[in-house]
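Asks: Here is what each chain is made of, one letter per residue.
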Amino acid sequence: MVHYELILPILLHLLTGILLIAAWGRLNVQRIISALSGIVSVALAVVLYSSVTDNGIITLQSGNWPAPFGITFVGDKLSALLVLLTSFSGLAVIIFSLVSVNKKRMRFGYFAMIHFLLLGLNGAFLTGDIFNLYVWFEVIIISSFVLLTIGGEKKQLEGAINYVTMNLLSSVIFLTAIAILYGLAGTLNMADLSEKIASHPNKGLVQTTAILFFVAFGIKSAVFPLYFWLPSAYHTPPSAVGAIFGGLLTKVGIYAFLRVFSLIFIPDPFLSQILIVVACLTLLTGALGALAQQNNFRKIISYLIVCHIGFMIAGLGMYTEWALIGAVFYLIHDIVVKTNIFLISGLIYKIKGTVNLKKLGGLYNSHPKLSFLMAITIFSLVGVPPLSGFWPKLYLFEASFSTMDYALTAFLLIGSFVTLYIMARAWIEIFWKEGDGRQEVAKHFVFFDNMRPLKKWVLVSPVVFLTIVTLYIGLNAEHLIQVSQQIVQELLDTRPYIDAVLNPNIQN
Amino acid sequence: MELIIALLVGFLYASGIYLILRRSLVKLILGLILLGNGANLLIFLVGRLNSEQPPIIPDAASTLTGAYADPIPQALILTAIVISFGLQSFAIVTIKKVYKEVGTDDLDIIDRREQE
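Chains as they are written, first to last, in numbering that gives the first Met the number 0: chain A, 0 to 507; chain B, 0 to 115.
What the hints contain is simulated information worked out from the structure, not anything from laboratory work.
It cannot be assumed that every hint is accurate.
If the Cβ cut is set under 8 Å, some of the chain A residues that face chain B in the computed set are [unchecked claim]:
(1) Val134
(2) Phe144
(3) Gly151
(4) Leu174
(5) Glu194
(6) Ser198
(7) His199
(8) Thr408
(9) Ala409
(10) Leu412
Not close to chain B: a few residues of chain A, all C-beta gaps over 10 Å, as computed [to be verified]:
(11) Val39
(12) Ser50
(13) Phe130
(14) Thr175
(15) His478
(16) Thr493
Computed list of lysine-lysine pairs in BS3-like fashion (alpha-carbon distance at most 25 Å, straight line) [claimed, not checked]:
(17) B:Lys95 with A:Lys103
(18) A:Lys357 with A:Lys154
(19) A:Lys154 with B:Lys96
(20) B:Lys99 with B:Lys26
(21) A:Lys154 with B:Lys99
(22) A:Lys103 with A:Lys153
(23) A:Lys102 with B:Lys99
(24) A:Lys153 with B:Lys95
(25) B:Lys99 with A:Lys103
(26) A:Lys298 with A:Lys357
(27) A:Lys153 with B:Lys99
(28) A:Lys102 with B:Lys96
(29) A:Lys195 with B:Lys99
(30) B:Lys96 with A:Lys153
(31) A:Lys102 with A:Lys454
(32) A:Lys154 with B:Lys26
(33) A:Lys154 with A:Lys103
(34) A:Lys455 with A:Lys103
(35) A:Lys103 with B:Lys96
Computed from a prediction, not measured in an experiment: that's the story for all the values here.
Glycine is no exception: its CB is placed at the ideal position from the N, C-alpha and C atoms.
Take the sequences, apply the hints, and build the full model.
Replies: This is the structure:
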């Protein structure tokens, strides 16, 4: 049986992107196509997720070439769940963009690029071939370059230099690693690589290749000491772009870490140690960076992205079942919450005309309902029980105690406490402090309060939607822990994955 | 032959990294291009070098016999060249735009302005 549902999320975004280019300049047509495609992508992702839940790991061999000769697409629980979360974040960002992104950007193909970015993300999650993963990464970075620079403001271009350079460098390192891996094993199919690398005699060269992959994915996911491009770029584009970047781009790096370092290179004590040290320093430097930023709210949350990447790397570094459950659950929570917090910063900007903490204030008095909505996300980012940030941290702390890595526990605590402090300060500055009204802005800027009710609703609904998802994750944690547990079992026991790809007939 | 290509790959990586570490934006892009070429040659090298042995099955036979050139590295390099061509042209347009806006190609000065 051929599982076409595996390729549909990818094809949908490709077709939408092409349609949007055909509708170049017709902004209302673009808005409708993009929003419809966002809704359909959620439906397709649900179909894919339920198919993976029913059938186990599903595969699609392109052109009917049997693995390892053709390019394979594989959907396991981790991929399917990430495609689902991507479709949620993507839909929220598209709806938010309908009103928040200015016409100048839309005329230069903003929506088409959003869909090409989503195309790359879905492709990266679903591919079973390491070179294909590289190609999807390139699709992601070229769309993100355009999204980052579209509009052409000076600060955007300055931030883009670091971003473009580091991502090109990461691609070259990734390609080098793939070249050496191909020289070692003579294959590019990840399931096939898993078997061939495990039995390869030259352990030294395998180790070196693993470190090359570590550096390439490290730049993508912004770990210490490779994260400096992120805080200098993420606060410059519009909030909607910041949301899709903050929610999903670094997480693709984490996905690649989880996939490659569970399937092809199993972390040995040396690699584990490196991962844990890097995780500790990422938590620390991300937290200090966020503390050092006094005023710009979006810059603060950019540093928090870096800090929280540390939690997931720590989980991978410990490599026990509990630690990995924590990492996978944190990934689920982080995608939703980080997208939402950037959308919230966009909403604050629309209400007040600034994201500077010193100039903000009085939001609780003027918009009590919205403040309550934003509070849920902020609390869940901090990890207040029973919201979604609490449960993965519980697992990570438990795992770090049981592996007796108390230094790591200390760094995890520092990361959590600094997040708490920063969010408490932001809450006081934005919501409780006496406000001195709106800020002066450009002439064409329309404040939230002066918008028509329909536009207001379009801006608030994605935040409501993602907050509901966060609440579901937090309050229904038992179900998500079970899902994470199944994912971790698939990561730790690679046999079903390899069989599904290489021996599809035996399995059925 | 392998040794020469290997040395060339090493030289391309070394000069690419040297150029990336310079302060000029133009040299940064040149460095990335050299690194990309180094990676492409590396793929070519690990696919084993041999000449005049195309992977084409003769009319009389049904399978390939003996040594033949591995077609996969060539397909990979072709893909990588096309991708890096697109990315590099984007990067060059970006630095031109940055140069127009900021008026300098010195990364230190651009970085200092960004901090302000």
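Asks: Against this structure, judge whether each hint is valid.
Replies: Here is how each hint holds up against the structure:
Interface restraint check: Val134 of chain A against chain B, minimum CB-CB distance 7 Å, threshold 8 Å, status holds. The closest approach between the C-beta of Phe144 of chain A and any C-beta of chain B is roughly 6 Å, which is under the 8 Å cut-off, so the hint is satisfied. Given the 8 Å rule on beta carbons, the hint for Gly151 of chain A holds: about 7 Å separates it from the nearest Cβ of chain B. Below 8 Å, beta-carbon pairs count as interface contacts, and Leu174 of chain A has one with chain B at about 4 Å; its hint therefore holds.
The restraint placing Glu194 of chain A at the interface with chain B is violated, with a minimum CB-CB distance near 18 Å, outside the 8 Å limit. Here the hint on Ser198 of chain A is broken, as its CB sits about 19 Å from the closest CB of chain B, past 8 Å. At a threshold of 8 Å, the smallest CB-CB gap from His199 of chain A to chain B is about 14 Å, leaving the interface hint violated. For Thr408 of chain A, the shortest C-beta to C-beta distance to chain B is roughly 35 Å, which exceeds 8 Å, and the interface hint is violated.
A least Cβ separation of about 31 Å between Ala409 of chain A and chain B goes past the 8 Å threshold, and the interface hint is therefore violated. For the restraint placing Leu412 of chain A at the interface with chain B, the shortest Cβ-Cβ distance is roughly 31 Å, beyond the 8 Å limit, so the hint is violated. The beta carbon of Val39 of chain A is kept farther than 10 Å from every beta carbon of chain B, the shortest such distance being approximately 28 Å. No beta-carbon of chain B comes within 10 Å of the beta-carbon of Ser50 of chain A; the shortest separation is about 30 Å.
A Cβ of chain B approaches the Cβ of Phe130 of chain A within 10 Å, the least distance being about 6 Å, so the stated non-interface status is violated. Residue placement check: Thr175 of chain A does not keep its beta carbon more than 10 Å from all beta carbons of chain B (closest about 5 Å). With a cut of 10 Å on Cβ distances, His478 of chain A stays outside the contact zone with chain B, its closest approach being about 40 Å. Thr493 of chain A, annotated as away from the interface, keeps every beta carbon of chain B farther than 10 Å; the closest lies near 24 Å.
Restraint check: the Cα-Cα separation between Lys95 of chain B and Lys103 of chain A comes to about 21 Å, which is no more than 25 Å; the hinted pair holds. Of the pairs offered as hints, the one joining Lys357 of chain A and Lys154 of chain A holds, with about 21 Å between alpha carbons and a cut-off of 25 Å not exceeded. Between Lys154 of chain A and Lys96 of chain B the CA atoms are separated by roughly 12 Å; this keeps the pair inside 25 Å, and the hint holds. Simply put, Lys99 of chain B and Lys26 of chain B have alpha-carbon atoms about 17 Å apart, close enough for the 25 Å limit, and the pair holds.
Pair hint Lys154 of chain A plus Lys99 of chain B holds up; C-alpha atoms about 13 Å apart against a cutoff of 25 Å. For the hint linking Lys103 of chain A to Lys153 of chain A, the alpha-carbon distance of about 15 Å falls within 25 Å, and the restraint holds. At most 25 Å may separate the alpha-carbon atoms for a hinted pair to count; Lys102 of chain A and Lys99 of chain B meet this at roughly 24 Å. Between the alpha carbons of Lys153 of chain A and Lys95 of chain B the distance comes to roughly 13 Å, so the proposed pair stays at or under 25 Å and holds.
About 20 Å separates the Cα atoms of Lys99 of chain B and Lys103 of chain A, which keeps this hinted pair within 25 Å; it holds. Taking the CA atoms of Lys298 of chain A and Lys357 of chain A, the gap is about 14 Å. The hint holds against a cut of 25 Å. Simply put, Lys153 of chain A and Lys99 of chain B have alpha-carbon atoms about 10 Å apart, close enough for the 25 Å limit, and the pair holds. A C-alpha spacing of about 21 Å is found between Lys102 of chain A and Lys96 of chain B, which places the hinted pair at or below 25 Å, so the restraint holds.
In summary, the hint linking Lys195 of chain A to Lys99 of chain B is not supported, as the alpha carbons are separated by about 51 Å, beyond the 25 Å threshold. This hinted pair checks out: Lys96 of chain B and Lys153 of chain A have alpha carbons roughly 9 Å apart, not beyond 25 Å. Among the hinted pairs, Lys102 of chain A with Lys454 of chain A is consistent with the structure: their alpha-carbon atoms are about 15 Å apart, no more than 25 Å. Taking the CA atoms of Lys154 of chain A and Lys26 of chain B, the gap is about 22 Å. The hint holds against a cut of 25 Å.
Among the hinted pairs, Lys154 of chain A with Lys103 of chain A is consistent with the structure: their alpha-carbon atoms are about 17 Å apart, no more than 25 Å. Proximity of Lys455 of chain A to Lys103 of chain A is assessed by CA-CA distance (about 21 Å); at most 25 Å being required, the pair is judged to hold. Restraint check for Lys103 of chain A and Lys96 of chain B: satisfied, since their Cα atoms lie roughly 17 Å apart, inside the 25 Å limit.
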